[in-house]
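Undergrad: Chains as they are written, first to last, in my numbering: chain W, 5 to 419; chain X, 95 to 383; chain H, 4 to 413.
Hints listed in this document are in silico derivations from the structure and should not be mistaken for laboratory results.
Be careful, since some hints might not be right.
[Claimed, not checked] So the derived label-pair ranges between C-beta atoms look like this:
| hint | chain 1 | residue 1 | chain 2 | residue 2 | range |
| --- | --- | --- | --- | --- | --- |
| 1 | H | 202 | W | 89 | 53 to 63 angstroms |
| 2 | W | 31 | X | 343 | 48 to 58 angstroms |
| 3 | H | 382 | W | 261 | 51 to 61 angstroms |
| 4 | X | 209 | W | 398 | 47 to 57 angstroms |
| 5 | H | 393 | X | 343 | 29 to 39 angstroms |
| 6 | H | 122 | W | 154 | 25 to 35 angstroms |
Here a beta-carbon is modelled for each residue, glycine too, at the ideal position from N, C-alpha and C.
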Amino acid sequence: MDMTVTASQALRADLSAAIERTNKRARSSAFWMAMPLVAFLTVFFVLPIGDILWRSVYNPTLSEVLPHTTNALVSWNGRGNPPIRAYNALPQDLINAQSKDILGKAVTRLNIEMPGFRSMLIKAARSADQLSAPYAPAFGALDSRWGSRETWVKFKNAAEVYTLGFYLAALDLERNVDGQIIQKPQEDSIYVTLFLRTFVIAGLVTVLCLFIGYPLAFMMANTTPFWRNSMMVLVLLPFWTSVIVRTTAWIVLLQREGVVNDLAVASPFFAETERMDLIHNMTGTLIAMTHILLPFMILPIYSVMIAIPPHYVRAARSLGASAPGAFWQVYLPLSMPGVGAGVLLVFILAAGFYITPALVGGDSGQMIGNFISFHMNETLNWGLAAALSGLLLAGVLIMYFIFIRTIGLDRMRVA
Amino acid sequence: MSIAEATKPRPRKAFDLGSAGTIAFRAYCLLVLAFLIAPLLVIVPLSFNAEPYFTFTQSMLQLDPTGWSYRWYEELRNNPQWLESVKNSFIVAVFSTLIATVLGTFAAIGLTRPNMPYRGLIMALALSPMIVPVIIVAAGMSFVYGGWGLKQTHLGLILAHATLGIPFVVVTMTATLSTFDRRLSQAAQGLGATPIQSFFEVTFPLIMPGLAAGALFAFATSFDELVTVLFLGGPDQVTIPRQMWSGIREQISPAILAAATLLICVAATLLILVQLAQNQQKSYGGMKS
Amino acid sequence: MSKTILYVLLAAVALIAAIVAGLYVFGQNSEELANDMSRDMQTRAMPELPVSTPAAPIPGAAGQAKQFAGREVTVVSWGSAYTRSQIEAYHKPFAAQTGAKVASIDYNGGIAQIKTQVDSNTQFWDVVDMEVADAVRACDEGLLEKIDPAMLPPAYDGTPAMQDFIPNAIQPCSVTTIIFSHVVAFDTTKFPADKQPSTLADFFDTAKFPGKRGLRKTSPKINLEMALRAAGVAGPDVYATLATPEGQAKAFAQLDKIRKDVLWWETGAQPPQLLADGEVAMTTGYNGRFFDAQIVEKKPFKIIWDGQIQEHDVLGIVKGAKNKDVALEFIRFATGTVPLAEQARFIAYGPARRSSLPLVSIHATAGVDMKPHMPNAPENETNAMQVDAAWWAEYQEELNLRWAAWLARG
């Protein structure tokens, strides 16, 4: 008796161990199947994003190019006279930086902090080997700005290896000489406006896509297969066509001597002198972006609508609901997962747009993506580009999680 | 169900808008469809314009043969820069599609197994290239890839486009695999097939259409992509969209319209191929039930 | 998706594919035709050339093995008509003489791309054609190679290069090739014959001269100067005024007046294009491009020389350029008396060497006398000013940011 019990227990333990092993193997084999993708995306996708976020707060340029001067400023609290040690360290730093051909990096960084630093630094570097102690008056003789507290406060700000300065700049803020955070002067403020404009454009495009796309999705889901397929082709063909092609098409259509204006002038309502400005402004951006993103709204809504059993609505009607009532109380709520997916997709894609506003946006249609590119490729203020990227990414992720919370990831369908 | 539908082809009229309402509604939908397709339809004839204008000339409207010409297509064909860009686009798209498809398919197989650990996390990672604005990714890549010497190389662009194509492969493949009946391959193995045999003889043919659709999505993604090309590509990595970009910004010549028309044809071809693949999938799905 | 739709789509694609395939047959013939035509044009133009193409006296060139056979040099410039003039005057003869292949790339100015290449040590450019203000800035930041003026060849008569070039043409990192001018041009058909614009101030007066205006988007330079001059600031005072916050505010306020009517251009080829397409009635731009449209393409454009702003265009070498030796030789060659004069046969820019001036004569294909179209023709220079490169080197970055912010506010 005892024997059998132990035997069956042992057997059971064996069995469960075997099952456990099989499960484990299955788990690990499934895991290893996905591993190459995880590794690939981590290295080639996540790492670059991490890098740019890191750059928005990490800025070692000045401490690398002018290490001794930077060191000399660490203990200075920004009040009173600039430290003599910094003046003393600067000539040798400048000479070293020039011999290593890296002074340009410091020039760029400092000029971002305070316009005018360029010429001060270059002038100082040219005569660095002829300067002699005492250095403070020697620098003052080269350029009187070297004697001012403000110069050295800006220098110290730029020398911070870990800094929130770029995020301040990305919000149109700056630190004044006394370290207080203040609003930038109006003529230099732009990013808050741009962020607002970006989200307003994204919101407007989303609303436009929803109002244009929902009825069509409804039509497609409630018609004969022939018409459904025909309409599907007309939705999918633009969807598969390159963004740059569609943007080009809108340029051709909307420019002053373009097809739309030609038609308008040919009609009795517009005179030759009344050609409309439909492009190179906000209007052009809105039209082109709505066109480009419309399929991203229609397809998810359609895929949800087509799965709504028609007898639900019929049941509501037979129970006495009016047609609008049945729509509002039965059909619309059932189609909401598709609407949510479409709204999320369109909004997120729109907020990150860059190509289309760059080509058809003129000046009033520029979005934050265009300024990220501007600072990446034109001003080379990479820290600011990184901070703008960080804020944009945060905005997009917040939208994403709000939608996931309200709708749920598994209920959203794309294409 | 399918027979019932076939015998009753009438629309599912759950809402009755009245005749005026129906007409208004249809007219609205027609307008929307026109909005969607008109830009593409306008580009095609304009690309055959004999004059360097972006609007229809009198002679074009009168269907006068002298108003129409192939000159912009010739310009494309005779311009080494355009030819080079076609070559680059295909090289980058083909190899990035290969990478995305292989990685995405294996991951999708893992993700559809019932006992996949960290499924949500891995799924979120795989889909994130669709969510993060490309401009941010491209900026980050230009630093990191630059540090690795991958900037201004075809390899760099191929890797970048592979990351952007992966979500599409993962989405289509998980959808395909979740409808795939695993008992089929188990049955094959029960009947004496080796796992490899059962994969190639049973599983692969069944998931092939989904695989093709995912690969085509990845191909189209790479073929269209411009932002990472602008940030990572050098003068030797000019792709078709990059060539169009500089064309539009510098001097918009109708040659761009010719290129655009060709790209519309590529898009239509891809669309057709995907639909064929999905039809195939559906017929397998029918077999399954 | 029903089969029918698929077949329709397939048929549509097949049709377009067939049309495109047709061009291969058709294209063959018309290409030959085009070649014939251009050959015709060249032979017809030949006898009119008073200056022979540079069979230039470059010592020791003939008979030797070519100096840079199998090498390549990448020259970056501003595209279109301007690059074409350089290809004719510099690239082709240089390639023929030295055996080097000259690759041409277009850009829109600025020093960012050079800086990126130098910082990451990926110099894929060698020679860059720059506006002098950018060159001064780039030189200060160590982005350009130093150029030894002693290597520049003397003039025909033996005048040393230093005396042959106009003042300020030789800088530590760059050598001026041509003087060009920022001007306003307009489409004569857009205004009644008795009411044609004639001054810079007219450009800013949209009430008297209605129509869209074209302005350069990529830099505040020239836009701010022209705005101040139109606001009544005299040429010599422009930079002193612009150095003050009030002066800047005044310039931006002047630009605000026409803001809603402005269409922005980025590349030199765009202004004549915008005029030709009827997108604008008046635009700023480079005088050589307008000349090309006026004379070569026979467009009804007119240049307003009043308030023109002259600037040096220079050649520099990217620091650490991979083909520095070829690049130096290229600059030595291109800034010689003959190539500089030769370039002026293709575009209306003034050569930087005094010895080139007498050689400037008649346009290569249009056959018109080039002298009255030059920025430094006396009748064009009555109200001209010069760009202050040193001033811009100092203020460029600050004003670039302010400019970008002003633009984006819309």
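Undergrad: All hints, please: hold or fail.
TA: A quick look at each hint next to the structure:
For residue 202/H and residue 89/W, the hinted distance range of 53 to 63 angstroms is satisfied, since their beta carbons lie about 58 angstroms from each other. Separation of residue 31/W from residue 343/X is about 53 angstroms and conforms to the stated range, judged on CB atoms against 48 to 58 angstroms. The hinted window of 51 to 61 angstroms between residue 382/H and residue 261/W is violated, with their beta carbons roughly 34 angstroms apart. Between residue 209/X and residue 398/W the C-beta distance comes to about 35 angstroms, which lies outside the given range of 47 to 57 angstroms.
For the hinted restraint 29 to 39 angstroms between residue 393/H and residue 343/X, the CB-CB distance of approximately 31 angstroms keeps it satisfied. Take residue 122/H and residue 154/W: their Cβ atoms lie about 28 angstroms apart, and the range 25 to 35 angstroms holds.
Comparing the model with each earlier hint shows violations of hints 3, 4; every other hint is respected.
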